[in-house]
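Student: Just so you know, the protein sequences line up as chains A and B, in that order. Using our numbering, you'd call the opening residue of the first sequence number 34 and step up by one each time. Using our numbering, you'd call the opening residue of the second sequence number 34 and step up by one each time.
A few of these clues could be false.
Copies of one chain are not kept apart here, so a pair can be met inside one copy or by any two copies together.
[To be verified] In silico lysine to aspartate or glutamate, EDC-like type, Cα no more than 20 Å apart, as pairs:
| no. | residue 1 | residue 2 |
| --- | --- | --- |
| 1 | K221 | E89 |
| 2 | K121 | E181 |
| 3 | K121 | D210 |
| 4 | K242 | D106 |
| 5 | K56 | D210 |
In case anyone wonders, no lab produced these hints; they're calculated from the structure. Quantities reported herein were computed from a predicted structural model and do not represent experimental measurements.
Number of protein chains: 2
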Amino acid sequence: MKKAVVLLSGGMDSAVTLFYAKKKGYKTYCLIFDYAQRHKKEISFAKKIAGISHSEYFVLKIKLPWKGSSLLDKKIPIPKDRILDSGKIDIPPTYVPARNTIFISFALSFAEAIGAKVIFIGANEIDFSGYPDCRPRYFKKYNELLREATKTKGIRIEAPLLNKTKKEIVCLGRKLDVPLGLTWSCYKGGKSPCNRCDACRLRTKGFQK
Amino acid sequence: MKKAVVLLSGGMDSAVTLFYAKKKGYKTYCLIFDYAQRHKKEISFAKKIAGISHSEYFVLKIKLPWKGSSLLDKKIPIPKDRILDSGKIDIPPTYVPARNTIFISFALSFAEAIGAKVIFIGANEIDFSGYPDCRPRYFKKYNELLREATKTKGIRIEAPLLNKTKKEIVCLGRKLDVPLGLTWSCYKGGKSPCNRCDACRLRTKGFQK
């Protein structure tokens, strides 16, 4: 059975991506990151989702000695009630420097070590916060790097949700029987979702539509 | 003063690269990795070199849950007495899956967080072990990725030793007053260098020539 590494956050998009990879016939190996994120709570959701999907998983602990993001530093507030419909969105302080570049580099190492040829990531550029490392041209360049980076040839990144709206992601999740109620999106990581951060608002928009 | 992040291993090449960066007028911030490498001993050498060069530094701990390299798994032997002069070198089991891709991804995050525009790495393609992530085309592609990866524009990788022989690296190190005696290369990480692994043999070759 062909293997795939899936980057799993605990949020809706990566959960849908995981079930999509399974539907495509992959034996899935999930990689979950504990990077001291404010919404560390998402990790327990990610583990549950990995378990339900019968995937093996690792939780990788990273402690960045620098900050520079409101997800790493509680002194930097998380923006509320942003307008997310415009074509041009400001990159908010929730941006974590080089986060996806780091996550994918570990997924690449994992993939090579176990003989997987695909790395799945739930990134999305339609209903998103404007992060540079969630754009099609970023993944295009990362895939070009992958061709030169490893001993094993042919490892590639797939981002099947890249061009979908949140509404389409919710619909796909329902079609694939993803337990969407067991995913966590809110950046604040409180007892219940704040409903005002980008992650909450994009999620709610998807369900409403 | 312009800032640079320097990837520092404790070996000769990265030490020479650090002093080269200082000579070029950069305020240097070193990033040292503890990735449970067999020659973990190199970390104390890296710290000393960072101190001597008056650089700030972080030691970042990474525990890869997978292996796939004789530097991570003592059950896989380190090759001895390999012929390293040929144009085509087999990639040995000391290759660590995606190591430089991971290291540079963290350096990128660090650089963006502190406002550095250059990442220095001591990679070399002339007298080397054949690792794919030490080749010019690999760095070319990584630099292309960097243009799309972050909020800050203009961060780039520089590998000033890429096309130098070990002899030239030793000469440059002497010219820059690098304390070469305080660097550690041997993969085995024993009490004294084994003189038979690739790292020892390439180092010795440089000094002899």
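Student: Now, for every hint given, state plainly whether the structure supports it.
Tutor: These are the hints, each one checked on the structure:
1. Taking the closest pair of Cα atoms, K221 and E89 never come within 20 Å of each other, the shortest separation being 28 Å inside a single copy and 32 Å across copies.
2. Taking CA atoms no more than 20 Å apart as the test, K121 paired with E181 passes between copies only; the shortest distance there is 16 Å, against 33 Å inside one copy.
3. Proximity of K121 and D210 under a CA criterion of 20 Å is satisfied in neither setting, with 33 Å inside one chain copy and 51 Å between copies.
4. Taking the closest pair of Cα atoms, K242 and D106 never come within 20 Å of each other, the shortest separation being 33 Å inside a single copy and 51 Å across copies.
5. With identical chains, the CA atoms of K56 and D210 are at most 20 Å apart within one copy only, with a shortest distance of 11 Å there and 59 Å across copies.
This entry does not satisfy hints 1, 3, 4, going by the numbered hints stated previously.
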